[in-house]
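**Q** Sequence:
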Amino acid sequence: MSTLLALDTATEACSVALLHDGKVTSHYEVIPRLHAQKLLPMIQQLLADAGTTLQAVDAIAFGRGPGAFTGVRIAIGVVQGLAFALERPVLPVSNLAVLAQRAYREHGVSQVAAAIDARMDEVYWGCYRETAGEMRLVGNEAVLPPEVAALPADASGEWFGAGTGWGYAERIGVSLSGQDAGMLPHAEDLLTLARFAWERGEAIVADEAQPVYLRDKVATPKAR
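Just so you know, the UniProt record's numbering puts 40 at position 40 of the sequence shown, and the rest follows in order with no gaps.
Quick caveat, the hints were computed from the structure, so don't treat them as lab data.
The calculated label-pair distances, taken between Cβ atoms and stated as ranges, are:
1. Ser156 with Phe84: 41 to 49 Å
2. Ala85 with Asp49: 20 to 28 Å
3. Asn140 with Leu34: 27 to 35 Å
4. Glu87 with Gly167: 40 to 48 Å
5. Val205 with Ala181: 31 to 39 Å
6. Ala153 with Asp121: 24 to 32 Å
7. Lys23 with Met120: 37 to 45 Å
Every residue, glycine too, gets a C-beta built ideally from N, C-alpha and C.
Start from the sequences and build out the full structure, keeping to the hints where you can.
**A** Shown next, in the form of structure tokens:
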């Protein structure tokens, strides 16, 4: 049975989760600006509590963004360092998908409009539908002004809003069945999505792990 480690530092939350011997354990803290100091000790404690070591890990999953630039870079730096040392593959997972998966786990909702406050008067936006327990993207993820955010063209039924981007709810022209604007990504849900990806054979080598900011055109101009 596979042992998978998942970690996320893309928002104010810092969390880690472990699948070992078929059991999931996790640790989650909201600790803005302390991710770099706390992440490795959290991983070490989680492994110790599960009675295992890094060497037993088959792959490492991480929140690849979108989210805070610094936070996403911390996750990728730690993941690449560990994966190179262990010679293990990695599993990048969208932080918007992680939010949708958490909403499914905690609220039982099958259609989620996930939104993360992107600052600069914009939100990171993605819409997800549940299929066999996995929240899957419908359409594309984007960064856009709240007023431009919309459900997929084929949207029907009830939709739930998840994430800090819903702090702009009065400016987002989407009708919801409910919302949780305080929700942050949790590594437990990242791990769930990573397990689906792992079973599909979607792991990649560590040096292919890339952040997804959705603002790449602004943050890193394309090479000519």
